[in-house]
Amino acid sequence: MAEEKVEFKEIVLKPKYKFKVPVESRHISPDSFAGKTLEEIGKLVVYEGSRKKVLGELFSFEGEPGKTAAETHIIIEGDVEKLRRVGESMTGGKITVKGSIGHYTGFKMKGGTIIIHGNAGLWLGGKMVNGFIEVFGDAGDCVGGSLRGEKPGKGMKKGTILIHGNAGAEVGRGMKGGAILIDGNVGPLPGVDMAGGSIGVKGDCEGKPGARMTGGRVVILGKIPDILPSFYIDEIREPPIKVGPERLPGPLYVFIGDVLADMRCMGRVMVSVQSNPQLKMYEELLT
Amino acid sequence: MEYLIKNGYVYDPLNNVKGEKMDIAIKNGKIVSPSELSGDAKTIDASGMVVMPGGVDIHSHIAGPKVSAGRIMRPEDHYKVYMRAIPGVRRSGSGKTTPSTYVIGYKYARMGWTTVFEPATPPLETRHTHEELDDIPILDKGCFPLLDSNWFVLEYLQNKDYDRCAAFIGWLMDAIKGYAIKIVDPGVAEAWSLGMGVGLSLDDQIPNYNLTPREIVRGLCKANQMLKLPHPIHVHCNRLGFPGNYVSTLDTMDAVSDLALNQDTPIIHITHVQFTGYAGDSWATLASGGEEIAKYVNNHKHVSLDLGQIVFGDVTTMTADAPFEFVLHHLAPGKWSSTDVEAETSSGIVPYRYKKKNFVNTVQWCIGLEVALLVKDPWRIFPTTDHPNAGPFTSYPTVLAWLMSRKAREKVFEQVNRRGLRKSALQAIDREYDLYEITIITRAAGAKILGLKDKGHLGVGADADVAIYNLNPEKIDFSKDWETFVKAFKRAAYTFKNGEMVVKDGEILRHMYGETYYVKPRVPESLLKTVVEDVKTRFREWYSINFENYVIGDDELRAVKPIQVETTLKG
Chain V
1 MAEEKVEFKE IVLKPKYKFK VPVESRHISP DSFAGKTLEE IGKLVVYEGS RKKVLGELFS
61 FEGEPGKTAA ETHIIIEGDV EKLRRVGESM TGGKITVKGS IGHYTGFKMK GGTIIIHGNA
121 GLWLGGKMVN GFIEVFGDAG DCVGGSLRGE KPGKGMKKGT ILIHGNAGAE VGRGMKGGAI
181 LIDGNVGPLP GVDMAGGSIG VKGDCEGKPG ARMTGGRVVI LGKIPDILPS FYIDEIREPP
241 IKVGPERLPG PLYVFIGDVL ADMRCMGRVM VSVQSNPQLK MYEELLT
Chain L
1001 MEYLIKNGYV YDPLNNVKGE KMDIAIKNGK IVSPSELSGD AKTIDASGMV VMPGGVDIHS
1061 HIAGPKVSAG RIMRPEDHYK VYMRAIPGVR RSGSGKTTPS TYVIGYKYAR MGWTTVFEPA
1121 TPPLETRHTH EELDDIPILD KGCFPLLDSN WFVLEYLQNK DYDRCAAFIG WLMDAIKGYA
1181 IKIVDPGVAE AWSLGMGVGL SLDDQIPNYN LTPREIVRGL CKANQMLKLP HPIHVHCNRL
1241 GFPGNYVSTL DTMDAVSDLA LNQDTPIIHI THVQFTGYAG DSWATLASGG EEIAKYVNNH
1301 KHVSLDLGQI VFGDVTTMTA DAPFEFVLHH LAPGKWSSTD VEAETSSGIV PYRYKKKNFV
1361 NTVQWCIGLE VALLVKDPWR IFPTTDHPNA GPFTSYPTVL AWLMSRKARE KVFEQVNRRG
1421 LRKSALQAID REYDLYEITI ITRAAGAKIL GLKDKGHLGV GADADVAIYN LNPEKIDFSK
1481 DWETFVKAFK RAAYTFKNGE MVVKDGEILR HMYGETYYVK PRVPESLLKT VVEDVKTRFR
1541 EWYSINFENY VIGDDELRAV KPIQVETTLK G
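Just so you know, the protein sequences line up as chains V and L, in that order.
Start counting the first sequence at 1; every next residue gets the next number (our numbering).
Start counting the second sequence at 1001; every next residue gets the next number (our numbering).
With the rest of the complex left out, here is chain V:
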């Protein structure tokens, strides 16, 4: 991912103690920090459980933020699994987490970069509009996903999410555009309610890829237990297919669907031929 060449000003956040209850802080983002002094940043509101607190009570600060969001680099040191909504609606700049982080990281983010060196919680990059997220550990459920009950296509719109570990269930839920690439395995239902964009999985999938999808593609290089009965085989694709920054190699079975969600079958589920000998029976249907 091409990063803009800007001089970042760094600000380092260190938690003062280990959080025991969820901490909701939508103000930990370059947009809120930009152009403020450390004292002003310390007064930003956070909720620890149901209690209203200020950022200065939970974190110690070093460095200084940039004048604009794009020049600000926030570094969070230490494991903050209970910290939620970091980088919500951020429009630029960078957040680096040197440890694990909680749910809704990069929720609705509109630009910028988030790098997480540990694990991420649920709804990583949920409803993301644009930007770049990279996770070196595992991610939870609903990566880039829409919230519960929302219509298909209300999830991630654009941008890229790279996950070097595993991911949970419902990756790319309700996704409309952009790319999610996962090096490890994923849980069930990747690409559920999907209307566009692409999901690449280099590992195995627990099943039901592309349920209720009306567009976009899900590429799985590892094993899957089965294909949903509402998908039709279309072809065997030999050339590699592009997902985000990478090309995933063929040959791949291409299934179209989901016929239950859309009669036109605009969605594609592509599954590696080599890893899935149990799908050989579909080849008979191709002739």
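Among the hints, a few may not be true.
[As the list claims (entries may be wrong)] Here are the computed lysine to aspartate or glutamate pairs in the EDC-like style, where the Cα-Cα straight-line distance is at most 16 Å:
id : chain 1 : residue 1 : chain 2 : residue 2
1  : L       : LYS1335   : V       : GLU150
2  : L       : LYS1080   : V       : GLU71
3  : L       : LYS1335   : V       : ASP262
4  : V       : LYS36     : V       : GLU71
5  : V       : LYS154    : L       : GLU1076
6  : V       : LYS151    : L       : ASP1040
7  : V       : LYS151    : L       : ASP1314
8  : V       : LYS98     : V       : GLU77
[Said to hold, decoys possible] Cβ-to-Cβ under 7 Å is the rule here; a few derived chain L residues that face chain V:
id : residue
9  : PRO1065
10 : ARG1074
11 : GLU1291
[To be verified] Residues from chain V shown here face chain L by an in silico Cβ test under 8 Å; the list is partial:
id : residue
12 : VAL54
13 : ARG148
14 : GLY149
15 : GLU150
16 : LYS151
It is worth saying that the hints were derived from the structure and are not from the lab.
Note that the structure is a prediction, hence the values are computed from the model and not measured.
Where a beta carbon is used, it is the ideal one built from N, C-alpha and C, also for glycine.
Knowing the structure of chain V, use the given hints to seat chain L on it.
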């Protein structure tokens, strides 16, 4: 606590008070004359403010199994709109089109409304409705049981046994604590449960019964008159939601015209008339039938209407008219839920979004306002949004502003579908409601048609439900400055419920509970006995629960207020 509300402009149509400067005194939950107050009464300076009775809403789906199902179906409705709890003051909640129970009470009270009736509850599931109504704070409430497809009712009507039908309804109202007869697309639930068709016209045969919807409406209207229930039959017409259905609405109103015996009070209430006021043959040629409906209502005193006015934005449609929801699900693909209530009724839920640029939605928006502005008698028209079908109840101030100001309507004219706008006469109507008429349609008329003698007015002896708005009718010209009106009506300056101050400056002050109204018709012993025996014997065949579990006791409700009714039934 005693209060003296001083120097407000009082609007009290039932007592012919039209914006006069008066003092209103409150003592022990009732309105009293100011001389009765003791020395330590708290004085509230209402100078430059409008003082009205608390609002009365006759049609708003606030409780019951379908509302609960709607909440479950729509988590996305609850993410953005929420209310934080303030310990000791109010409790928390969320939701816009399907708010949770506490929020319903608070939001109504914040607008100055204090009495709300839930208009559709299947008798079998009314226990659930009452559990939810009990949970709604501040408001006084009641519910209308659905009786149009009830097997007992259908059988009595088929045998033309109106006495027993009336006696059965009388017993049922008391047994399940209902308030009035609700008719939803008569007979259709019966056809739908057999998988036949998507609706019936007024003279179609109901499968398995030698009956037509017309006979059901007439029969229940007769039963209503025999029982002398305080509210007329509450009818959701046949063919609702289909183009060309205004004819069906006119037929339904006309079907009972001969039963009206020179009464001043209406004998049939047509609800959410906007949904049943469509002319044209298809969705593409949809037009407004509002003019014809308004003409009929102006010429006949036996009908009253409520609007079901569209408000653009998200809604959750929920009705006991299951076949229509099936049709709507195909018009607006997405979530859909449908239920059949054994031996009684059915229901469906579909989330929907009204769009300004949509042709059909624009015509729908016009019809409601057109009817409201063309009907001359404000005592027989009610500005509802059929919450949450056509819009959330929180948009009442906006709807009222459209009625009060042509300017407010013109602002919407600019934004909506041009072709749709030309399909009604709305653009040519100059009428603007004044504040006195607004008080009638939102308060006095509602209390009058529900037969609530202590509500909707500020005379001595009335319940002390008072709303005070920060509006100066002498200084503000509502037709120009409608935005001020909307702002004031969204957050009342004060709301009093049973003599307690519950809202001040638009914020909730306390969590308290109102009463549940129900009717208790006096059915002659011998007739009651035969009917109950009849019900008991067939209950085992028809229902999956025991008869004893069907009846709801007074002790199961938080606070009940039975209304004794003398019937004309003879033993």
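Each hint, compared with the structure:
Annotation: proposed proximity of LYS1335(L) to GLU150(V) holds, straight-line Cα distance about 10 Å (limit 16 Å). A threshold of 16 Å between alpha carbons decides the hint, and for LYS1080(L) with GLU71(V) the separation of about 31 Å lies outside it, so the pair is violated. At most 16 Å may separate the alpha-carbon atoms for a hinted pair to count; LYS1335(L) and ASP262(V) meet this at roughly 14 Å. Under the criterion of a C-alpha separation no larger than 16 Å, the hint pairing LYS36(V) with GLU71(V) is consistent with the structure, at around 13 Å.
Proposed proximity of LYS154(V) and GLU1076(L) is supported: the alpha carbons are some 11 Å apart, at most 16 Å. Simply put, LYS151(V) and ASP1040(L) have alpha-carbon atoms about 58 Å apart, too far for the 16 Å limit, and the pair is violated. As the CA atoms of LYS151(V) and ASP1314(L) are separated by approximately 13 Å, the hinted pair is consistent with the 16 Å bound. For the suggested pair LYS98(V) and GLU77(V), the alpha carbons sit about 5 Å apart, so the restraint of at most 16 Å is met.
The beta carbon of PRO1065(L) comes no nearer than 19 Å to any beta carbon in chain V, farther than 7 Å, and the hint placing it at the interface is violated. For ARG1074(L), the suggested interface contact is upheld, since its CB lies about 6 Å from the closest CB of chain V, less than 7 Å. Restraint check, GLU1291(L) versus chain V: the minimum CB separation of about 37 Å is more than 7 Å; hint violated. Because the closest C-beta pair between VAL54(V) and chain L is about 18 Å apart, greater than 8 Å, the hint is violated.
This hint holds: ARG148(V) has a C-beta 5 Å from the nearest C-beta of chain L, less than the 8 Å allowed. At about 4 Å, the closest approach between the beta carbon of GLY149(V) and any beta carbon in chain L falls short of 8 Å, and the interface hint on this residue holds. Hint status for GLU150(V) relative to chain L: holds, with the closest Cβ pair at about 5 Å, below 8 Å. Checking LYS151(V) against chain L: minimum C-beta separation of about 6 Å stays under 8 Å; hint holds.
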